[in-house]
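Visitor: Residues per chain, in single letters:
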Amino acid sequence: MKLETILKLVEGVVVTQSELEGEINFGLTSDLMSDVLTLDIDDAMLITGLNNLQTIRTAEMSDIHCVLIARNKKVSKEMIDLANQSNIVIIESPFGVFKVSGILYAKNIKPAY
Amino acid sequence: MQLNYSIEGGDFTNAGNASSQVKKILKKLNVDPKITRRVVVALYEAEVNVAAHAYRGEIIVDINTERIRVVLKDEGPGIESIENAMTEGFSTASAEVRQMGFGAGMGLPNINKNADELNIKSDVGVGTELEIITKLK
Ligand SMILES: Nc1ncnc2c1ncn2[C@@H]1O[C@H](COP(=O)(O)OP(=O)(O)OP(=O)(O)O)[C@@H](O)[C@H]1O
Ligand SMILES: [Mg+2]
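Protein chains in written order, with my numbering: chain R, 268 to 380; chain Z, 260 to 396.
The hints are simulated quantities; they were obtained by calculation from the structure and are not laboratory data. Check the hints yourself; a few may be wrong.
In silico BS3-like cross-links for lysine-lysine, where the CA-CA straight-line distance does not exceed 27 Å [claimed, not checked]:
no., chain 1, residue 1, chain 2, residue 2
1, R, K269, R, K344
2, R, K366, R, K275
3, R, K275, R, K341
4, R, K366, R, K377
5, R, K275, R, K344
6, Z, K293, R, K377
7, R, K377, Z, K372
8, Z, K332, Z, K394
9, Z, K394, Z, K380
10, R, K344, Z, K283
11, Z, K372, Z, K396
12, R, K269, Z, K293
What follows is a list of derived Cβ distance ranges for each label pair [claimed, not checked]:
no., chain 1, residue 1, chain 2, residue 2, range
13, Z, K293, R, K269, 21 to 31 Å
14, Z, G348, R, Q352, 27 to 37 Å
15, Z, L262, R, N351, 16 to 26 Å
Chain R stretches covered by chain Z per the calculated footprint, using a threshold of three residues with CB under 8 Å from any CB of chain Z [stated by the list, open to error]:
no., segment
16, 295-302
17, 319-327
Idealized CB from N, CA, C, for every residue including glycine.
Isolated chain Z (complex conformation) (with noise of 0.2 Å):
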């Protein structure tokens, strides 16, 4: 089963979408409520990284009956060092962004945490890729 999304920077209404669709499907689909916090909260916080940092993005997710592959993609400034990226408490949100309630610089390795596998790919001024993967059994 593949669904696609889009999501739109700065758009703190919509962000979140994609999360709640995927977690309804997991639930009709009974997998387990343990795995499917763990995809929806890594998708949740990659979602919200595009609305906050980059400009538009898509959102695949390939559900098969081994695993759940999603896949980000998205236009904007990208990632300059993805190791800082990945350290616990960096962040470069606006203060925008933190008077919604993000900017911890926690999300990234939220979502390293949560992912069976997690694969980065940035260029600087053109986007970011994110592949999250998460098994099933």
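Bound conformation, chain R alone (with noise of 0.2 Å):
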């Protein structure tokens, strides 16, 4: 899926100026970066409720290049600037972990585990 589709899809909005390459195609939602961490496929998207820098440095050791912070959190200028030295896309939605994930499920993004 398209960066562009799943910002209409989650009424999100992206902050940072990373470039996306390619699509979406698998998402795992977790507040737990262990968890994230076993990760092991490279399209995939995080939404998460966890709003720190942790939650991009779990990302760019994971290889994800997508982060959705959900329930209209506004991620901080430190998590911003790492994710543009580190390619990756941080989309800010109002909608909860559970909306976005059951909205991007039913559009087939697939469960990464």
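Using the hints, put the two chains back together into the complex; each one sits in its own frame.
Guide: Shown next as structure tokens:
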């Protein structure tokens, strides 16, 4: 799925300058970073309510290039800077993780695990 | 090639810096992305463990054409039972650490999965030393 399509579906806003290469086919929803770090695919997006610098670090180490921060949480400048350096797109969405996951799952984004 | 880093206990801003640097270097060295992911995920979990559970630590990353050897040596409370610590779900993480998204008790098992060789030495009241070896071929 293209980034623009995802943004429309979840009423999301991109807050980074990174370019997303390719499309998103898989998703995972978690607030547990060790859980995310067990991932072994490349084109997954992370849906999370965990809004801190280690969320972006975790994405960086797991080769996740798209992170959606749910429920209208505003990401910090440090997170945006780190995401830009690591070529990660951060989306802010007003919806909660359950709603975002449900919408994307219904549109055929596959579970990463 | 040898690289040295240090980590402070409780510092969740800089935890991950070493992993991030190593990731960039391995990319420059054209190491297979799958192997790179295994190395940096293991290193990152170990780095976060020092930030989460110890007082301070040193990291040595040694890279040659055959393998990457990472050693993390910390001053801290040490691990009472390595067997317990290696069990999925076992965690003594503080509420603060849990709020940061850690404390699932998956870090050490995850390091073990990603490493070709993992050696842990720990002295209660003194500190912990982890050796993580990943083959490049
Ligand atoms: N460097 C360390 N110093 C002291 N104790 C440690 C250290 N690393 C791990 N431990 C102990 O081992 C336990 C298990 O570690 P592990 O990394 O598997 O889980 P965690 O750090 O608690 O949670 P997670 O890694 O899933 O975020 C820790 O809760 C802690 O009690
Ligand atoms: Mg851990």
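Visitor: Mind listing which of the numbered hints don't hold for this structure, in increasing order?
Guide: No hint contradicted; all consistent.
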